[in-house]
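**Q** Fit chain X to the known structure of chain P by using the hints.
Those protein sequence lines, which keep their order, are chains P and X.
Letter by letter, the first sequence follows residues 1 to 55 in the UniProt record's numbering.
Letter by letter, the second sequence follows residues 1 to 820 in the UniProt record's numbering.
In short, the hints are calculated from the structure, not lab data.
Since the structure is predicted, the reported quantities are computational estimates derived from the model, not experimental observations.
Positions of the beta carbon are idealized from the N, C-alpha and C atoms, including for glycine.
There's no promise every hint is true.
Footprint (simulated), chain P over chain X, 3 or more residues, beta carbon under 8 angstroms [said to hold, decoys possible]:
{"id": "1", "segment": "123-135"}
{"id": "2", "segment": "170-176"}
To give a feel for the contact side, a few chain X residues facing chain P, derived at Cβ under 7 angstroms [as the list claims (entries may be wrong)]:
{"id": "3", "residue": "Y53"}
{"id": "4", "residue": "A106"}
{"id": "5", "residue": "V109"}
{"id": "6", "residue": "W110"}
{"id": "7", "residue": "G183"}
Below, each chain spelled out in residue letters.
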Amino acid sequence: MDSLYILIPIAIIFIGTAVKLFFWAVNSGQYDDLETEGRRILFDDDPPDDERVEE
Amino acid sequence: MSKTSCFHCGLPVPAGSRHSVLINGTERPMCCPGCEAVAGAIVAGGLDNFYRYRDTCSERPEPAASASNAANWAAYDLPEVQKQFVREHEGGLKIAGLLVGGISCAACVWLIEKHLGRLPGVEKVSVNASSQRAQICFDPQAIQPRQLFAELAHIGYRPAPATAAESERLIRDEQRSALRRLGVAGLGTMQVMMFAIALYFGASSGIDPQLEHYLRWVSLLVATPVVLYAARPFFSAALRSLRGGQLSMDMPVSLAIGLAYAASFYATVFNTGDVYFESISMFTFFLLLGRTVEMRARHRAGLARGGLAQLLPLTATRLTGSGEESVPVAALAPGDRLLLRPGDTIPADGEVCEGESGVDESLLSGESALQQKTAGDRVFAGSVNGDSPLRIKVLAAGESTRLSAIEKLVERAQLEKPLQVALADRVAGVFVGLVLLAALGAFSFWWQVEPDRAFWVALSVLVVTCPCALSLATPAALAAATLRLQQLGLLVAGGHVLETLPRLTRVVFDKTGTLTRGEPRILRIEILREGWTPQRVKDCAAALESESNHPLARAFRAWTGKLSATGLRVHTGRGLEGVIEDVRYRLGRADFALSQPLQAPAGEGQWLLLSGEGEAIAWIALGDRLRPTAKAAVVQLAGAGLAVELLSGDQSAEVARLAARAGIDEYRSGASPEAKLARLRELQQRGERVLMVGDGLNDVPVLSGADVSVSMMSAADLAQSRADAILLRGDLAVLPRAVVLALKCRRIVRQNLAWALGYNALALPLAVCGLVPPWAAAIGMSVSSLVVVLNAMRLSRGEGQPADTPYPNPSPASGGGEFH
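Excised from the complex, chain P in its bound form:
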């Protein structure tokens, strides 16, 4: 059980980092628009001319 005395503080450091990361993400506006960002990846950035050839 002695390992807990080391593992728990490490876990807490991880949480601290996670919270800090989360704050950074929120403050930099990554959660401001939840709809668009999730779908952006679905939009092709290929030149549309190639697109037309494929079809």
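**A** Chain X only, in chain P's frame:
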């Protein structure tokens, strides 16, 4: 009407319309030149994929020809105007904050970012679909704001400067801080639960006292930010309500969190008693979650889009001794002389000095007919000049205009709005008193029996009865019902909507734009001359109306392009004339189109006569149509025992006709905003609870004063921001469904409250007897909360199907009325 729908906006394509665009290799039908132009621009930019990515239809654009002309946006280049929405950025760049109307889905964001990003001088574009805001970073050396506006209009959006940056920032900050708190509470709860489970097992099967002490310290460490940071809104709200002299639900919440934390802190430091860190954290997390969901819904609806100021133009054309100059509206003063071109929004109250024109005052009075103004007549800020230029002298600007008077009326109406005390808050007052009494009773009892345990028993009373289930009972049900309503097409912004809906006694509708589409349509054509077909009449009328700003001209928009007219002349208040294929046609009132009088056929709508070289060709009936679901909605509402009434600012006989059509017996026409509000007060004084459905600015005071108000998505922005709920797809049939859902919601709230109180009634005696250890308190609390939440989730299923084919909103417009 044919069944094909416009590929761009999804509205039906009128028969005989011949607009189409080649998109991704296929010829697609378009309903009007506006859609055609926009779709053409999108395709020309190589952005056809927009149509594959989008999942809702686009908004029907206004005729693009004038809007996409950069010169019309020149006012936004003036430094005084730029100051309101453009800010400096590093390296000589500037950032413009724009409000972009018409964004319907993520594909719009893609389209705007691609389209603008390609312009020379545009450095970066970021668009937020939920707030409809765009931030555009540009190089002022290479591109001017006017081009940004024109390009947005070119691809079918309605750009406006985001001038209310301050309130937007507040909303954004509030949302971000809510998310941060939620994150801290969530992560904290997970960790503390982990330690707590170790402690529970330790308590039942033995644990090294040193390890137990250690785990408690760790729990304290993790729970502290949850209490001091994440739970702070509860404390400050409780303090506020205490100062206001009333007990809200925040009171028992803060008490439970605060006392349990203080006692657990004490217990940890002095290694005695019980700790409740896991209960506190979980409690905080559940409550924050409920409130965040509620807040997001509220903000989405209430992104008050700049209010009244945005109804006025930013600049006006001032006449000086030497000519014309463009000045910001804020700089106007009484005595200035202004030039108003056709289609201009009037920036200030004034008096006509020169000219004669029809002015659209529907925003102010609800009157759909154009008001004829000649020298000496008053004109009001916010109304739109119709067909001919006017010169006016400013009498009042800014705060003293009639438009501002309406806003003051709105503020007063909101103050007088019947106060709704939330059921949970009413219960809270009694509940807090009872729990405090019980805790005190338990403490004094145990003080005499076993002084050591007295404090801990009293504390367990507070924690076990911890009002988690009670305070979640209402928000959980409301959040579930709110989400469900949003799926159905009603965006709820006001917290009291769901509580008030079941208690309604009367529904009041506005006419133009609410019961009707707010857009004139051709109802009937009667041919008077051999050899003419309805199609040719339409083509001909469309050519004559092609350059008109008159509201009725919209009815013909679908057929423009086949014929073209030259020498167009507008005869204000009477009609217009032009030459097509060497024949002089006139369209308008009968006495204008023909020299000798001719009796209009009987029938609904407003009859216009088309004549060629002084001989009658055809009668055209124009009118505003009922929304397809209006009648069904009225029948269902009446079936639910509600009185239905029509209250319109319009004077014409149309009101009676539409009321009969929709099956409404009670109607009033020609009501000013003041009269509407007075009618509402009269009803409320009789003890009625009124749901008001409206869309125009003239409805705003009534909307603000009604027990529940609903505005249409296409409504004036101000009406939207002051309404409690917004009908997203213009489907009136959602209203009766909402009433049914609200009834179900009320039932579930009551079940939840009964369960929470029942649980507390059971737990309280056990706690008073000192029979509840911390682990049992935590389990009891979680289970009772879960039951409440699961019960509330039942609301998000069933009760009507969500409309899965999103229907685009018709553009706002005024209805029928006097012709030119």
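**Q** Against chain P, with CB atoms and a cut of 7 angstroms, does the hint on W110(X) hold up?
**A** Hint holds; W110(X) Cβ to chain P Cβ min 5 angstroms, cut 7 angstroms.
**Q** Per the CB criterion, is A106(X) less than 7 angstroms away from chain P?
**A** holds, 4 angstroms
**Q** Given a cut of 7 angstroms on the nearest C-beta pair, is the interface hint for G183(X) held or broken against chain P?
**A** holds, 5 angstroms
**Q** Identify whether the interface hint at Y53(X) stands, where standing means a beta carbon of chain P within less than 7 angstroms of its own.
**A** Check passed: Cβ of Y53(X) comes within 5 angstroms of chain P, closer than 7 angstroms.
**Q** Given as covered by chain P, does the segment 170-176 of chain X meet the bar of three residues or more with CB within less than 8 angstroms?
**A** The restraint on the segment 170-176 of chain X holds, since 3 of its residues have a Cβ under 8 angstroms from chain P and three suffice.
**Q** Holds or violated: is the Cβ of V109(X) closer than 7 angstroms to a Cβ in chain P?
**A** holds, 5 angstroms
**Q** Please check whether the segment 123-135 of chain X has three or more residues whose CB lies within less than 8 angstroms of a CB on chain P.
**A** That given contact holds, which follows from 5 residues of the segment 123-135 of chain X lying within Cβ reach (below 8 angstroms) of chain P.
Every hint from the earlier list agrees with this structure, and none is contradicted.
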